[in-house]
Each structure stands twice: as C-alpha cells, then as structure tokens.
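J.: Here is how the chains run, residue by residue.
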Amino acid sequence: MIEVADLRKSYGRFDAVSGVSFAVGKGEILGFLGPNGAGKTTTMRILTGFVTATSGRVTVAGYDVFKSPIEAKRSVGYLPELPPVYPDLDVMSFLDFCARIKGVKSADRKSRIDRAIEKARLGDVRRKLIGRLSKGYRQRVGIAQAILADPPVLILDEPTAGLDPQQIIETRELIKSLGGDHTIILSTHILPEVSMTCNRVVIISKGRVVAEDTPENLTARLSGKGAVRLEVRADTREAFDALREVEGIVTVNPRGMSSGHTILELQAEEGKDIRAAAARAIIGAHIDLLSLSQVSLSLEDVFLELTTKDTAVISEVAPAEPAIFTPIAAMEPRNREPEVATTPPAPAEAAQVENAEPKETN
Amino acid sequence: MSTFTNIGAIVRKEWQHYFGSPIAYAALFTWNALFSVFFLFALNYFLEASMNPGGSMGGPPRPNINEWIFRPTLMNMAVVALFVTPMLTMRLFAEEQRQGTWELLATSPITDWQIVLGKFFGAASVYALMIATSLLNFVAVFVAAEPKPEWKPVLTGALALLLMGSCFIALGTFLSTLTRNQIVAGILSFCLFLAIWTLSWLDNPMSSDPVKVLAYLGVTGHMEDMVKGVIDSKDIVFYLSFIGFGLFLTQQSVESRRWRE
Numbered sequence: 000m001i002e003v004a005d006l007r008k009s010y011g012r013f014d015a016v017s018g019v020s021f022a023v024g025k026g027e028i029l030g031f032l033g034p035n036g037a038g039k040t041t042t043m044r045i046l047t048g049f050v051t052a053t054s055g056r057v058t059v060a061g062y063d064v065f066k067s068p069i070e071a072k073r074s075v076g077y078l079p080e081l082p083p084v085y086p087d088l089d090v091m092s093f094l095d096f097c098a099r100i101k102g103v104k105s106a107d108r109k110s111r112i113d114r115a116i117e118k119a120r121l122g123d124v125r126r127k128l129i130g131r132l133s134k135g136y137r138q139r140v141g142i143a144q145a146i147l148a149d150p151p152v153l154i155l156d157e158p159t160a161g162l163d164p165q166q167i168i169e170t171r172e173l174i175k176s177l178g179g180d181h182t183i184i185l186s187t188h189i190l191p192e193v194s195m196t197c198n199r200v201v202i203i204s205k206g207r208v209v210a211e212d213t214p215e216n217l218t219a220r221l222s223g224k225g226a227v228r229l230e231v232r233a234d235t236r237e238a239f240d241a242l243r244e245v246e247g248i249v250t251v252n253p254r255g256m257s258s259g260h261t262i263l264e265l266q267a268e269e270g271k272d273i274r275a276a277a278a279r280a281i282i283g284a285h286i287d288l289l290s291l292s293q294v295s296l297s298l299e300d301v302f303l304e305l306t307t308k309d310t311a312v313i314s315e316v317a318p319a320e321p322a323i324f325t326p327i328a329a330m331e332p333r334n335r336e337p338e339v340a341t342t343p344p345a346p347a348e349a350a351q352v353e354n355a356e357p358k359e360t361n
Numbered sequence: 000m001s002t003f004t005n006i007g008a009i010v011r012k013e014w015q016h017y018f019g020s021p022i023a024y025a026a027l028f029t030w031n032a033l034f035s036v037f038f039l040f041a042l043n044y045f046l047e048a049s050m051n052p053g054g055s056m057g058g059p060p061r062p063n064i065n066e067w068i069f070r071p072t073l074m075n076m077a078v079v080a081l082f083v084t085p086m087l088t089m090r091l092f093a094e095e096q097r098q099g100t101w102e103l104l105a106t107s108p109i110t111d112w113q114i115v116l117g118k119f120f121g122a123a124s125v126y127a128l129m130i131a132t133s134l135l136n137f138v139a140v141f142v143a144a145e146p147k148p149e150w151k152p153v154l155t156g157a158l159a160l161l162l163m164g165s166c167f168i169a170l171g172t173f174l175s176t177l178t179r180n181q182i183v184a185g186i187l188s189f190c191l192f193l194a195i196w197t198l199s200w201l202d203n204p205m206s207s208d209p210v211k212v213l214a215y216l217g218v219t220g221h222m223e224d225m226v227k228g229v230i231d232s233k234d235i236v237f238y239l240s241f242i243g244f245g246l247f248l249t250q251q252s253v254e255s256r257r258w259r260e
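Protein sequence lines correspond, in order, to chains G and R. Everything in the first sequence is counted per numbering that gives the first Met the number 0, starting at 0 for the first residue and increasing by one. Everything in the second sequence is counted per numbering that gives the first Met the number 0, starting at 0 for the first residue and increasing by one.
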C-alpha cells in the first residue's frame, strides 16, 4: 500500500532524511518512532506530498507521489502535528469545506461528514467555532478531517499529543478500529502507544531507519538483558552488602529509597536467572524482602538502546520511577566479576531519594 | 469540472473568512463611505456650476452629469482601491501559513493553481461587491436628472475600477505568499501599490521613452478611456496581463514552498 525507497531530503548541507526505505501492507498500522528531529515529520510530509524529496521513490496506493500527486493525495488522509483548522469557522463549515476540497461527491457529503463527526465524537460541538474549542477537541476535528473522505491510507503525526488520558484511550481505540480498512502510519513519542496500537514499528534516528519489526520482536531482541527489581526493608548500604556475594549479578543500581524501604535494580549476566539467589541472599542477611520482580525490557529501553549511543550517561540521571519509564541501567560496563558494582549511592541519587519521600505520606 | 468545484470551494471558504470577521464589513464601509463623500462633493460642484446664471444663452454649455459627477467619482475611487485592496489580500496566504492550515490545502487533492485562483476570485468578488453597492449612490441621479445621463460610461467605468483593483489584488495575493505575518504582507502591498500608482504621474508628452514605459505600467492611467465610456482592447489586454502575471508569481511562490519547507 505504501512503499518508500531510498528517500532522501536535504536542506542545504543538512540531511533531514538520508536513505529511508520501508513498506506498509494493506490494513497494517505502522508505528513511526524516533527522537525529535529524527526525520519523522519530514518523511510524513513527503508521503503526503506537502514537501518534495531530494531523491527517492514513494508510492501510495499505487500512485507515485511525485508523478501523480493529485491521485496520491486523494488516497491519503493526513493529520499534521498541529491540527490544520480554521479558528473562525465552526466544525460543520470546516468539515464541509474539507469535503469539498477532498473531492467528496455532493450526494455523499452529508453522510460522510456525519460519519466523521460520529467517529471523532464531535457531536456536541458541531456548531461551535473551532477557535473556542479546547486543544483536545481541535485535535479531534483534525482527525475527523483526515478520515472524512474515507481514504485508504491515513498518516497521523502524533495523533494523541495534547489529549487527556481518557481522550488518548478513545483515540487509540479509534485508530485501532480504523486499521484493517485503512492502512495507517502514525508517529508518536509515547512508546506504550506503539505496542498497544501498532502491528509493526519503524524506528528512525538521524534520518535513518535503525530498526523495523513487530513491537514484540523488538522487545524480544533485547530480552535476557532484563533486570530484577527488589524492594527490601533496609538501607541501601545493608542491601548492597547482602547482595555482594551473589553470583551472576553484574550491577546493582539503587532506584529509590523511602522510610527504610530500598528499591534496587539488579543487572544479571546474560542468560542467568539470579532471582532465587538474590532472594536467598537478602533473607540470609536477615533483611525483609518486600517484593521481587523481573523487569522485562520495555519498548522504551529498546528505543533508547537503538537511538542513543551513551546509555551509561542516561543511567546516571535515571529518576526513581516505575519500571516502564526507567531506562535500562548501566549496560556498558559489563564486568565479569560477580561482585562488582556495589557503588554507594552518588549524591545525585541521594537527592532522588529525597524526592521519593512524599509518596509515602499519601 | 472538478476544477471549478475546487476553485468554488476555496472562494466559498474565503467568503466565510471575510464575512465571519470584521474585514469585509470594514472594507465595505470604508469604500462606501468614501464613495459617498466623493459623490456628494462632485454633485455639489455640479449643482453650483449649473446654477451659474451665465449659462442660458450663448454662454458655456450646460455641465454634463457624466463628466462632472460620475467620472471624477470613479477616478477618485481608484485611489481608495489602493488603500482597501491590501485589507482583502494580506491574509490570503500569510494566515494559512501561520495557522498551519496551509498543510491542509497543500495535501488535499487540488492543484496549486486552483488554490491561487480560488483565493484571487474570493478577494476580487468581495471587491466587486464593494463596487456594486457603491454604484447605488448614482441611482438617485438617474431618477431625478433630466435629461437622463448616459449609463454606459458608468458601467465601463465600474469595469475599469474592477480591473484596476484586480491588478492590485493579484499582486497583493502574491505578496501574501512571501510572509506568514499578514500585517507585513499588508504594508508591503500598500507601499508597492502606492509606487505603482505614482507611475501614472510620469505620463506627460515631454517625458523620454524609458519614462513612458514606466508610466505605461501605472495601472490607473489605463482607466481614463474606459471611464469616458471607451473600451480599448489594449487597456483590457494590459489589465488582464497584469493580473495574469501577478497570479503566475503567486503560483510560482506557492510551488517553491514545497522545495523549501
């Protein structure tokens, strides 16, 4: 349905996109991931015919975007990063205008507009000026506009940005329900969104594709690098001492401490299960073990692994937060000695420990 | 067929913007107020001249209504057009750029030419409405005057005013593509229109050939014959080429954006 071959776009000396290739099959939902400035928006803008590429080939629904732009554009519904809406029009007039320029036949216009309004849940603001709507509603007007002409391909640039949690869930469900009939490319910063909605992920960084796979395969690719998370009733020093003797631990990273509880993340040697040994060591040292869990690598970790070079730097500033938002702990210094790493908490970490306090007061 | 539907959709939307905001009303009001002022001055002047007792036997001929009222009013409105048309054109592309709605237009299945023409006709039709409403000032003269004045020169004069203003609109549309700030577009347009208007002053029998060429480009000079009721094809060709050139620049500017952005 969408084929992109060796796409390049340069602005003067700067290459925004340098040789991106991928393909999306009919009915697939492709997640487009990458840090800011990676070239996601530029690639999407080329696909929709908003800008021209320096070189490369793009076909959408069988039409070459550069050779037959009008036919290609007719097959694409596009939601740009900022919803392209006129604040001085009301929702109905705006969608009516969109239907006209998108070539919807006048006989179908009313039913198409009603359908888009229903899918984007805009029923209660039909006659409101778009300028008076909240950000979330404006975003929905943008989505309504994209699906209005029922195009086979949808390109959505950060469709859930700026929405509240309830709206985010609704939008994701809408996108999922549109998959199958429509081929969708969506870009996002929110990684769980990709695993929730997409069949396949393309990660791009610095204008290049660095990975392309299903969300499951991408996470599986780095499995075995998973960490173990421990919560114990002891201070960091005691816990460190207890774990010193356990075989197979590469690093121990404090992840937070509050009123006598310490959370630690243990990095194991590859392919080694250290859970039992770690539990035994803690209990053997007469420390209360409150919880122990395997932290599987989230897509976030894969993402950081692929798009950043210096993971060690990241681990230093890693905040004490739930697992899914925590980048993987120092993977660089892979020391073979079993009892490494028990570095006492650095001042920076001590500061985070303070930050964790208010949690308990609730 | 779809070409006209697409252009029509843009025209329709531009009207929604014009009349959904104070712009159209401000332009209509300014235009009609100044038209009435110029008309009343001309009428007054005409009445004084016709009261002149010397006029009965062997004196100067009775003043002619077309010559004394309609012609000066329409010529004066050319200058008003210079002030009012930037109000209509400044936001055409600048505002789309600023709001990000350009991305919607540029990714819809319509051509750049259809967008450019839609915007031009949108502005030009509001301007045509301004002229049409202001001509109502003349109705009383047609009802009351005896002998009746000629109506044909009024129509050709109005056409001249429309064509001349459309040149400004075409150029203003182009200037609006150059910036995302509509105020900047408006000021640029106004300055350029003023410069073009002054070109007509250069037209006198004493001037050298290069100066005559410049004077030829002054859009107001080409109105004079038409306001007298004479349609000369060379004036029409001049106006249409001027408009065509302005729209061509607009389309080129819009297309070049696909490479720059």
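Where hints are given, some of them may not hold.
[Stated by the list, open to error] Far from chain R, by Cβ distances over 12 Å, these chain G residues were calculated: (1) A4; (2) R12; (3) E27; (4) T41; (5) K72; (6) V75; (7) P83; (8) D87; (9) S133; (10) G141; (11) I168; (12) E169; (13) S176; (14) E211; (15) H285.
[Claimed, not checked] Reference listing, derived: stretches of chain G covered by chain R, where coverage requires no fewer than 3 residues with Cβ under 8 Å from a Cβ of chain R: (16) 15 to 24; (17) 97 to 109.
Hints were generated in silico from the structure; no laboratory data involved. Think of the CB as a built atom: it goes at the ideal place given N, C-alpha and C, for glycine as much as any other residue.
J.: Indicate, hint by hint, whether the structure satisfies it.
T.: The hints, checked one at a time:
1. Every Cβ of chain R is farther than 12 Å from the Cβ of A4/G; the closest lies at roughly 20 Å, confirming the non-interface assignment.
2. The Cβ of R12/G lies farther than 12 Å from every Cβ of chain R, with a closest approach of about 15 Å, so its non-interface assignment holds.
3. With a least CB separation of 21 Å from chain R, E27/G remains clear of the 12 Å interface cut-off, as annotated.
4. For T41/G, the shortest C-beta to C-beta distance to chain R comes to about 9 Å, within the 12 Å cut-off, and the non-interface label is violated.
5. At the 12 Å boundary, the C-beta of K72/G falls inside the reach of chain R, the nearest C-beta of that chain being 4 Å off.
6. With a least beta-carbon separation of about 7 Å from chain R, V75/G fails to lie farther than 12 Å from that chain, contradicting its non-interface assignment.
7. Not every CB of chain R is more than 12 Å from the CB of P83/G (nearest about 4 Å), against its label as outside the interface.
8. The Cβ of D87/G sits about 5 Å from the closest Cβ of chain R, inside the 12 Å cut-off, so the non-interface label is violated.
9. Non-interface status of S133/G relative to chain R is upheld: no Cβ of that chain comes within 12 Å, the nearest being about 17 Å off.
10. The beta carbon of G141/G is not kept farther than 12 Å from every beta carbon of chain R, the shortest such distance being approximately 9 Å.
11. With a least beta-carbon separation of about 26 Å from chain R, I168/G lies farther than 12 Å from that chain, consistent with its non-interface assignment.
12. With a least CB separation of 23 Å from chain R, E169/G remains clear of the 12 Å interface cut-off, as annotated.
13. Listed as a non-interface residue, S176/G keeps its Cβ farther than 12 Å from every Cβ of chain R; the least gap is roughly 23 Å.
14. At roughly 25 Å, the least C-beta separation between E211/G and chain R is larger than 12 Å, which holds for a residue marked as non-interface.
15. Every beta carbon of chain R lies more than 12 Å from that of H285/G, the smallest distance being close to 63 Å; the non-interface claim holds.
16. Remark: the stretch 15 to 24 of chain G is not confirmed as covered by chain R, as 0 of its residues place a Cβ nearer than 8 Å to a Cβ of that chain, below the required three.
17. Figure legend: the stretch 97 to 109 of chain G, annotated as covered by chain R; annotation consistent (5 residues with Cβ-Cβ distances under 8 Å, at least 3 required).
Going through the hint list in order, the structure does not satisfy hints 4, 5, 6, 7, 8, 10 and 16.
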